[in-house]
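Novice: The task is simple: from the sequences and hints, build the whole structure.
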Amino acid sequence: EAQVTQNPRYLITVTGKKLTVTCSQNMNHEYMSWYRQDPGLGLRQIYYSMNVEVTDKGDVPEGYKVSRKEKRNFPLILESPSPNQTSLYFCASSYGADNQPQHFGDGTRLSIL
Amino acid sequence: SQKIEQNSEALNIQEGKTATLTCNYTNYSPAYLQWYRQDPGRGPVFLLLIRENEKEKRKERLKVTFDTTLKQSLFHITASQPADSATYLCALGNNDMRFGAGTRLTVKP
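Chains as they are written, first to last, in our numbering: chain G, 15 to 127; chain H, 3 to 111.
It is worth saying that the hints were derived from the structure and are not from the lab. Warning: the hint list may mix true and false statements.
[What the hints assert, rightly or not] Covered stretches of chain G (chain H as the covering partner; in silico rule of three or more C-beta atoms under 8 Å from a C-beta of chain H):
id	stretch
1	23-33
2	50-56
3	62-75
[Said to hold, decoys possible] Cut-off 35 Å, straight-line C-alpha distance, at most; resulting in silico cross-link-like pairs (DSBU-like, lysine-lysine):
id	chain 1	residue 1	chain 2	residue 2
4	H	K61	H	K110
5	H	K110	G	K85
6	H	K5	G	K32
Glycine included, every Cβ here is placed at the ideal spot set by N, Cα and C.
Specialist: Following this line, the structure appears as C-alpha cells:
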C-alpha cells in the first residue's frame, strides 16, 4: 500500500531534549516536505527536499533541522525543543514539486513542556 | 507579503445543497492550485489540482474554478452529503507549497 509513515504519532517531552520525528515513504517520490499545523494558522511549511541531499527552508524553519540521505526517508530534528514548537506535524511526499499532488502522513502530535 | 485566505472558517449547509468554498490569494503568482480534504486526526488528502491556464476542473461531484485575474479559486461540492463534512484546504505552489487555514464544512441531514 502506498503510504507516508511518521513516527512517533504522539510525543510528550521536555524543553531542550533533542528529538527526531521520522518520515518514510514507499512511493519512490523525489519531493518530501514537513509542515506544522496550528489552530487558525493552517499548514505552514518547515523544510522541503527536491531530492536526495537537497533541502531548502520553508516558511518556518527556525529551530528545526532535516536531512535527506536516502530517497525514502526525511527525518525532522528538533535539537533543543521549546514549548512554542508544540504542534501537529505532517510529512508529505510527491513525485515532484511542480503540479503534483502531495501524499500526507497521519501526523505527529508533539507536546513540549 | 503573500497571503492565502479561505474566507469562511466554518460553513454549514443542508444535505443535497451545493457547498461553495472560496480561496483568495494576494502577492502571489502560483503555477497551480490544489484542494485537499482533512478529517479530524488525519493528514490532508488530495482532491483536485488546477493549473493557471485552466479555468475549471471537475471530478464527480466536485468542481474547481481558478481565476488568476481575481486571484481566486472556488470549490463546489454539488448534492452534498453528511459524509462530505470535513475541513477543506486550498494550497498554492511553485516549488514550495502554501496552504490556507481551511474551511470546516458541516453538511446536516
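Novice: Now tell me if each hint is right for this structure.
Specialist: Each hint tested on the structure:
{"no.": "1", "hint": "23-33", "verdict": "violated (count 0)"}
{"no.": "2", "hint": "50-56", "verdict": "holds (count 3)"}
{"no.": "3", "hint": "62-75", "verdict": "holds (count 5)"}
{"no.": "4", "hint": "H:K61 <-> H:K110", "verdict": "holds, 23 Å"}
{"no.": "5", "hint": "H:K110 <-> G:K85", "verdict": "violated, 44 Å"}
{"no.": "6", "hint": "H:K5 <-> G:K32", "verdict": "holds, 33 Å"}
Of the hints listed earlier, those the structure fails to meet are numbers 1 and 5, in rising order.
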